[in-house]
Amino acid sequence: MAPTAARTYEIRVERHLGPAAAALFPGFDVRHEADGSSVLTGALPDQAALHGALALVRDLGLVLTEVRVVAGA
Amino acid sequence: MRRHGRAPEPIPRAKLRPPPLHPRLVSRPGLEARLAEAWRSPVTLVSAPAGFGKTSAVVAALRVGEDGEFSQHQVGDRPVAWVALDERDDDSPRFFRLLGASLQRATGHGAELERALASPQSPPPRALLTPLLNALDEADARVLVCLDDLHLVTDPRVFEDLAFLVEHAPPGLRLMMVTRADPPLPLHRWRARGQLLELRAEDLRLRADEAAALLAAELGRPPGDATATAVQRATEGWAAGVWLAALALQGAGRPDERTIVARLILGEGFALEYLAEEVLARLSGPLAAFLLDTAAFDAFAPELVDAVRGSDDAQERLDEARARGLFLQPAHAPPGAPVGLAWWRYHRLFRALLQGRGRVAAPGRERNLLRRAADWFEVHDAHEAALEAALAADDGERVARLLDAAAYGLVMDGRASFVERALEGLPDGVRARAPRARLAYGWALLLRGRYDDLATVLGGLEGAANALSTADRAQLAALRAVLADTHGRADEALALARDALAAAPDGDTVTRAAAQMALAGAHRELGHAGPAIAAYERALALCRAARLPVPEGLARAHLGLLYVQRGHLRKATSVTMPLADAAGHPAAAAALASRCSALLEQDEREAVRSALPEATALAERAGQPAVLANLHLVWSRLHRADGDAALAREALEAALAQAERGVPTWLRALVAVRAAEASLADGDADAAEVHLRAAEALRVRGPAASALVLARGRLHLQRGTPEDLGAAVAAARSLVDEAGDADPGDGVRIGALVLLALAQAAQGGTLAARATLARAVRRAEREGFVRTFVEAGPTCAALLAGVGHPYAARLLVAFAPEDRARAGASETPADVGVADAEAASVGLTERERDILRALASANTYRRVADELGVSVNTVRFHVKNVYAKLGVGTRLEAVDRARQLGWLGER
Numbered sequence: 001m002a003p004t005a006a007r008t009y010e011i012r013v014e015r016h017l018g019p020a021a022a023a024l025f026p027g028f029d030v031r032h033e034a035d036g037s038s039v040l041t042g043a044l045p046d047q048a049a050l051h052g053a054l055a056l057v058r059d060l061g062l063v064l065t066e067v068r069v070v071a072g073a
Numbered sequence: 001m002r003r004h005g006r007a008p009e010p011i012p013r014a015k016l017r018p019p020p021l022h023p024r025l026v027s028r029p030g031l032e033a034r035l036a037e038a039w040r041s042p043v044t045l046v047s048a049p050a051g052f053g054k055t056s057a058v059v060a061a062l063r064v065g066e067d068g069e070f071s072q073h074q075v076g077d078r079p080v081a082w083v084a085l086d087e088r089d090d091d092s093p094r095f096f097r098l099l100g101a102s103l104q105r106a107t108g109h110g111a112e113l114e115r116a117l118a119s120p121q122s123p124p125p126r127a128l129l130t131p132l133l134n135a136l137d138e139a140d141a142r143v144l145v146c147l148d149d150l151h152l153v154t155d156p157r158v159f160e161d162l163a164f165l166v167e168h169a170p171p172g173l174r175l176m177m178v179t180r181a182d183p184p185l186p187l188h189r190w191r192a193r194g195q196l197l198e199l200r201a202e203d204l205r206l207r208a209d210e211a212a213a214l215l216a217a218e219l220g221r222p223p224g225d226a227t228a229t230a231v232q233r234a235t236e237g238w239a240a241g242v243w244l245a246a247l248a249l250q251g252a253g254r255p256d257e258r259t260i261v262a263r264l265i266l267g268e269g270f271a272l273e274y275l276a277e278e279v280l281a282r283l284s285g286p287l288a289a290f291l292l293d294t295a296a297f298d299a300f301a302p303e304l305v306d307a308v309r310g311s312d313d314a315q316e317r318l319d320e321a322r323a324r325g326l327f328l329q330p331a332h333a334p335p336g337a338p339v340g341l342a343w344w345r346y347h348r349l350f351r352a353l354l355q356g357r358g359r360v361a362a363p364g365r366e367r368n369l370l371r372r373a374a375d376w377f378e379v380h381d382a383h384e385a386a387l388e389a390a391l392a393a394d395d396g397e398r399v400a401r402l403l404d405a406a407a408y409g410l411v412m413d414g415r416a417s418f419v420e421r422a423l424e425g426l427p428d429g430v431r432a433r434a435p436r437a438r439l440a441y442g443w444a445l446l447l448r449g450r451y452d453d454l455a456t457v458l459g460g461l462e463g464a465a466n467a468l469s470t471a472d473r474a475q476l477a478a479l480r481a482v483l484a485d486t487h488g489r490a491d492e493a494l495a496l497a498r499d500a501l502a503a504a505p506d507g508d509t510v511t512r513a514a515a516q517m518a519l520a521g522a523h524r525e526l527g528h529a530g531p532a533i534a535a536y537e538r539a540l541a542l543c544r545a546a547r548l549p550v551p552e553g554l555a556r557a558h559l560g561l562l563y564v565q566r567g568h569l570r571k572a573t574s575v576t577m578p579l580a581d582a583a584g585h586p587a588a589a590a591a592l593a594s595r596c597s598a599l600l601e602q603d604e605r606e607a608v609r610s611a612l613p614e615a616t617a618l619a620e621r622a623g624q625p626a627v628l629a630n631l632h633l634v635w636s637r638l639h640r641a642d643g644d645a646a647l648a649r650e651a652l653e654a655a656l657a658q659a660e661r662g663v664p665t666w667l668r669a670l671v672a673v674r675a676a677e678a679s680l681a682d683g684d685a686d687a688a689e690v691h692l693r694a695a696e697a698l699r700v701r702g703p704a705a706s707a708l709v710l711a712r713g714r715l716h717l718q719r720g721t722p723e724d725l726g727a728a729v730a731a732a733r734s735l736v737d738e739a740g741d742a743d744p745g746d747g748v749r750i751g752a753l754v755l756l757a758l759a760q761a762a763q764g765g766t767l768a769a770r771a772t773l774a775r776a777v778r779r780a781e782r783e784g785f786v787r788t789f790v791e792a793g794p795t796c797a798a799l800l801a802g803v804g805h806p807y808a809a810r811l812l813v814a815f816a817p818e819d820r821a822r823a824g825a826s827e828t829p830a831d832v833g834v835a836d837a838e839a840a841s842v843g844l845t846e847r848e849r850d851i852l853r854a855l856a857s858a859n860t861y862r863r864v865a866d867e868l869g870v871s872v873n874t875v876r877f878h879v880k881n882v883y884a885k886l887g888v889g890t891r892l893e894a895v896d897r898a899r900q901l902g903w904l905g906e907r
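Chains B and V supply the protein sequences, listed in that same order.
Just so it is clear: in the first sequence, position 5 is 5 by my numbering, and no numbers are missing.
Just so it is clear: in the second sequence, position 695 is 695 by my numbering, and no numbers are missing.
Incorrect hints may appear among the rest.
[What the hints assert, rightly or not] Chain V is faced by these chain B residues, among others (derived, beta-carbon under 8 Å):
no., residue
1, 15
2, 17
3, 58
[Claimed, not checked] Some chain V residues near chain B, calculated using beta-carbon distances under 10 Å:
no., residue
4, 273
5, 276
6, 358
7, 765
Please keep in mind that the hints were generated in silico from the structure rather than gathered at the bench.
Cβ coordinates follow ideal geometry from the N, Cα and C atoms, glycine included.
Go ahead and model the full structure; you've got the sequences and the hints to work with.
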């Protein structure tokens, strides 16, 4: 996979994120799952943007449980 | 805006010391004892997410004083070299410059690293690390280097060199890294070797009793048992969460406390987000609004906040927020911000929570605030801070405009990485509107030798060449010319440089300087010494006018080299003079090499001896093989002048080794030519032949080609058959008669005349030989050539003795006494040189006699200068006159001579 290819990613974290936390991930849709986790779905231009989003997950102290590609662009 | 050529941005002292400890820090003796093991572990990694209290724990463990001063940052006798990193330090030269400054403060070693990396064209840090590590080792220095917030650094070069540093660290050096993410370093290897001490999130979590203690300290009362347990579980001992809980609980009565605890126990949502909302809900409306607005900024001053909010109560709200302990900390002023303001920032995590809440409460407000902040910074001439605000506001048009205006200054300040990132973040269409920024970035790449990246940048610009202004097109052509030059396409480079010059507007000194530098480089590569000199001289004047110190120094260094090749020894020494004491300049070593080369030809051996070691050390640190090759050639010639053939050969080997490491072709040829001449001096014609063939195979043009013809002629002379002598005469004559672009210059011409004279003498034509040598002497006098004659050996001395010219007498005394004696025995009845010198000795001034006496007892010019209360340059001036009047070449000879004349006795 080219590091510069645009893709749609799903990032799953523990806990339900409220609107303020969700607002920190512009461009992502936030979905609450029944198991208490949240799934952030967003189209990102490249891997650097993905790493940026993951760094924010880390900085908020959120527990990251899954990252996957749902669609190429 | 400010122009180029300013001093490098100073390093804020606060970056080199640990942050002060929080006054109500909860003591954690177990954790602190484990952290204190860092004094014994080669590498310590403290890796955990934000808000785990990593830095606080480290600072507490290292027993740093509250004032944060270094004198008190010691455990036992080991000092701490602290480096507080931020986003701006994600650039290898900047990172290691900080490390150098910090080590300097802690150990007294590291200033060289800091200074060398302060320039936009800095040498690779690796080359500077080895001498630093050696110095620390020799000094038996014991120091703990602590890199705080290392996760902000991503530049792979930093980690390559950090790994190198750890692998080669002296025993007294300890490295501690505090980070949110494991760094890309060979941690597994260090772990396996038992060199790595690790403390991770699990080790840093607050236990229930610690969480209770923290809550009690913040609330001013013991929390209920259920509260402490609920907080510890909901936050999983995460210090930032516990702090936030304490803030939320602060204003809460018992009923609210029960509600909060119940929500935390339920543990559904994101606890931190909920706690932040609780905190905000308990604040007054104006204070909450202040918090949400100010969270838009990395750092803010009340003046900025009032300007962007149209308010007048920022200071009041700030004081209120601080009094409530709302995670405010002093911040560094943004670059170029008005002086005298106090800057603040929130703890990162709290800021993020506020930012999210603000975006929900008032969509679009954050961006408006940032745009207004960019206005405010622009009005205050803080272009870089304005740029950062515009980047945060995602205001591409403004970023492009600001970048275009500020890029040159940023590049010259060593912020090329920032320019690169800002450019990368722009959409293609907008980036096209910042051509100056891309050109400035191109120069930065060029100065760092990143030619492949430069080619990419230039390719992108060429596609948009139609949209460029005339001046920008000229800059583009100049950059392409220099790139073509480095790839050996000199003809293409010349054509491009001429285009650049034709397009450069008259009043645009920066662009004209760039075009002249490109033109000069192309001429130099093509062997057009005269036009190259003229273009460098014009470039030098333009660089001075535009205050561009780095290219100015490069022009001086190139001119020095060209003047030496052309035999303009005096010009070579004067043009390089401003760099003789500028050890921090990237071109200093190159300029010193030319300088020493000219001074040596003039037989100023003392001056050469005093400048060569520093020049060599500089070039070694900067990793400049071409300069080193030149310097080793000078060393070799100096040793030979001193009569030490073994050392001379060793230096020559070093020059040959450097030439293998990638130097311009003409220099490789020149090194081979000098090697051939050294073989001739040792009487080994076969070895000389091998070196000459190697040089001839390189098919060089210009001065190196002339030097090659001359050396070939000298080999013929040494072989000495009638055919060889004929060939030597022909070679010499071809060089003497060359003119125009092919004019080899006086350096080669004098050498050729000396060769011709020797060949004529060998053919039996002593009178013709003397006449030829007289021509050489007359030419040599103006620039002070000496060694070319001396190196030609005793036959030359014998011929000189018959040349009736005062400068011939001066030259004779520079020969070794045995050469002179042989000359006297075979050709002249009297030792002309010595007789002349004695005649001149009566002309010594009182001052010169003082100097001479001081020289006999003190061993350096510096000490002589101190003894007599004059400058070192004054001493050099007098010494030169004394040598000339005594007719000697070294201090030893001068002192001997003075003793013979009875001048050193008590009077």
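- Task: Hint by hint, work out which the structure violates, then give me just those numbers in ascending order.
- Result: Hint check: 7 fails alone, others pass.
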